[in-house]
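Here the protein sequences come in this chain order: A and B.
Counting with UniProt numbering, you get residues 1 to 377 for the letters of the first sequence.
Counting with UniProt numbering, you get residues 1 to 377 for the letters of the second sequence.
Keep in mind that the hints were calculated from the coordinates and are not lab data.
It cannot be assumed that every hint is accurate.
[Stated by the list, open to error] What the simulated footprint calls covered on chain B by chain A, stretch by stretch (three residues with Cβ under 8 Å from a Cβ of chain A suffice, anywhere in the stretch; the number is not a length):
1. 76-90
2. 96-102
3. 228-236
C-beta: ideal position from N, C-alpha, C; glycine also.
Number of protein chains: 2
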Amino acid sequence: MRFLHTADWHIGKKLHGFDLIQEQKDAFDQIKAIASQQHVDAIVIAGDLFDRAVASEDSVSLLNQMLMELNLKEHYPLLAISGNHDSAIRLDTGSYWFKETQFYMQTHFEDAFEPVTIQDTQFFLLPYFQPQMARNFFGDDSLTKMDQIMAKTVELMEQKFAPDKKHVLVAHFFAAGSSHTDSETTLEVGGLNPVPVDILTKFDYTALGHLHDKDALKQPTVRYAGSPVKFSTSEAETEKGVWIVDTEPYQVQWVPLRPLHDIRILEHSFEELTDPALYRTIPDEDYVAIRLTDTAVISDVMNRLRHYYPRIVSLSRLNGRETLAAKDQDVRVNMDPQALFDSFFEKMTDQKPTEMQEKIVRESFAELQRGGSYEAN
Amino acid sequence: MRFLHTADWHIGKKLHGFDLIQEQKDAFDQIKAIASQQHVDAIVIAGDLFDRAVASEDSVSLLNQMLMELNLKEHYPLLAISGNHDSAIRLDTGSYWFKETQFYMQTHFEDAFEPVTIQDTQFFLLPYFQPQMARNFFGDDSLTKMDQIMAKTVELMEQKFAPDKKHVLVAHFFAAGSSHTDSETTLEVGGLNPVPVDILTKFDYTALGHLHDKDALKQPTVRYAGSPVKFSTSEAETEKGVWIVDTEPYQVQWVPLRPLHDIRILEHSFEELTDPALYRTIPDEDYVAIRLTDTAVISDVMNRLRHYYPRIVSLSRLNGRETLAAKDQDVRVNMDPQALFDSFFEKMTDQKPTEMQEKIVRESFAELQRGGSYEAN
Chain A
1 MRFLHTADWH IGKKLHGFDL IQEQKDAFDQ IKAIASQQHV DAIVIAGDLF
51 DRAVASEDSV SLLNQMLMEL NLKEHYPLLA ISGNHDSAIR LDTGSYWFKE
101 TQFYMQTHFE DAFEPVTIQD TQFFLLPYFQ PQMARNFFGD DSLTKMDQIM
151 AKTVELMEQK FAPDKKHVLV AHFFAAGSSH TDSETTLEVG GLNPVPVDIL
201 TKFDYTALGH LHDKDALKQP TVRYAGSPVK FSTSEAETEK GVWIVDTEPY
251 QVQWVPLRPL HDIRILEHSF EELTDPALYR TIPDEDYVAI RLTDTAVISD
301 VMNRLRHYYP RIVSLSRLNG RETLAAKDQD VRVNMDPQAL FDSFFEKMTD
351 QKPTEMQEKI VRESFAELQR GGSYEAN
Chain B
1 MRFLHTADWH IGKKLHGFDL IQEQKDAFDQ IKAIASQQHV DAIVIAGDLF
51 DRAVASEDSV SLLNQMLMEL NLKEHYPLLA ISGNHDSAIR LDTGSYWFKE
101 TQFYMQTHFE DAFEPVTIQD TQFFLLPYFQ PQMARNFFGD DSLTKMDQIM
151 AKTVELMEQK FAPDKKHVLV AHFFAAGSSH TDSETTLEVG GLNPVPVDIL
201 TKFDYTALGH LHDKDALKQP TVRYAGSPVK FSTSEAETEK GVWIVDTEPY
251 QVQWVPLRPL HDIRILEHSF EELTDPALYR TIPDEDYVAI RLTDTAVISD
301 VMNRLRHYYP RIVSLSRLNG RETLAAKDQD VRVNMDPQAL FDSFFEKMTD
351 QKPTEMQEKI VRESFAELQR GGSYEAN
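Could you put the whole structure together from the sequences, leaning on the hints where they help?
Here is the structure:
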């Protein structure tokens, strides 16, 4: 069979205050067209359909419309899971009815072990889950790390493998060795141990969601689809698209999506930026991240630049104070939680934490780590 | 055919901070049992399924479970509309799939004119709507009053009447001549003109939602089902239940629901209330509204009474200052918006509004009334 693998739609997502609904609609239309041109037998959506647990009415209406078109109008079987941005309970609404038309919206950890068979393939749909759910399900409190949990999970799935079928895992997590972009929340990605990729080679294909760049992981049979739309300036250079996967013979093919409005990083002086030779080449509706190379102070710079670039999403100065602040932030990304707390405390109070305060924080982190709700790498 | 008429489930509703989820589950189980005993062919839910536009995850999960049981497990056709408490858009999620199993969740004004036929009956499902939706639909800006709008609406529905069928309207509004209880927001009920009942006699039966007491309206073929659970102390004496409606020959039958935990109004002195002869007769889980008859000050009265009545939902003094305040409130219910504003302004600022301020308010009300978003009776 042949299926399309997409993920991380994040319906309702905003880019620095700009609504991306037009871009998301356009990407959806392209995905629908690709599904038709490629004659796929099913569509996989690997989590994070919404950007927020409580999506706006507009977002709810848009996603409902999209899923209806794919499943009820175009009659594609749909295989979807909830991601960490979705409310599993809200996304579950209607799921018992969806099954009647081969729309499998899977939001329960425990249902991941009942594969959905479509043509020659068994799909195991594993939604985003908290380690505690796995501990409850397996009745094993020693499961604190994602590698242990996934080893047990895959082991149980293997017992359900029909020998004459192909086996595809659909999941939403951070796979070991992946790189990531700014639009995935750093703390989320770093908060759970990564899943070692070698566990996943039991499957003929693993359709992942969570990271927004298809190149975050380079594995022949374990792939992130990435988001269909660029969600941050760090994704300015990444190509968006979908995977078309053939199960027999196995083959994957990348089909790119053309951005309706692109994100552009402009590293120039104020003089260059206000030169028609440059600004006339940039469509008004594109999103622009400006890195100003000037060293001198420029008054009212944001408002003056908006005149040429109406959709500025960020403005930084390569040679100014902001650059130092940004570097400072880069350092913080790699701090351990204790050091991060100390740095935050000092920044907020202009004092170092007392010994007693440090002790409370240290013990809290230790307790969280034992409980497994927070698992530092 | 025979159908069950219920309404105003308000899943997620709290009674003075007390969660009513147990009461709602219990009422649901009783409704399901009645449907089975009475061998009904369909179940009508006339709006306000949720208490809030954005329901909690627990509420979403509970309603999903209830609807699934009725439609997918027990195989009843379901005819439901959105009420003023529901978010029509959120409640619409899944509705295109629901139809496949005769679950009609109708949230769009314009779809009210496509009846659903079950056995010998055409059901017209008219969700709660804003007058502007009707003006847009009919392309007629002169429609500002509910009586005009409903006259046009019923006229168009009549054109769809199949002569060999019975005709049932399911709707959610305030019918003229109805009395109401405190759990329906006064401003909502008063904010729209009432719908004259004689317009509705075109239908063999009108299954209404909105008001929480079945006796709010006394008409042979136009009925409120009321809420299945008591939602305010003003409903302490009302009987909750469902209507069982036979279309041929026409017959309605009231089947009461037994409250899991009742609401009781106790009008006594402190001494009487703390007498075992009284408090031992009141189950701990019942909700108690106390009207204290003492005139003397009693210290820490609420905490002391909670010892005997753990679920006190209100405490007032028949002979104290509180009574005067309550009477004051009763007067306000019947004020027109302008007088209500003046009273509010005076209460907040201890001054009467100036002429200029009065003018602004008067003009604003007038403008709202022209626009039809606010229609004073």
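Q. Counting residues of the stretch 228-236 of chain B with a beta carbon closer than 8 Å to any beta carbon of chain A, are there 3 or more?
A. violated (count 0)
Q | Verdict on chain A covering the stretch 96-102 of chain B, criterion of 3 CB contacts below 8 Å | A | holds (count 5)
**Q.** Claimed coverage, the stretch 76-90 of chain B by chain A - three or more beta carbons nearer than 8 Å
**A.** holds (count 3)
The earlier numbered hint that this structure contradicts is number 3, and it is the only one.
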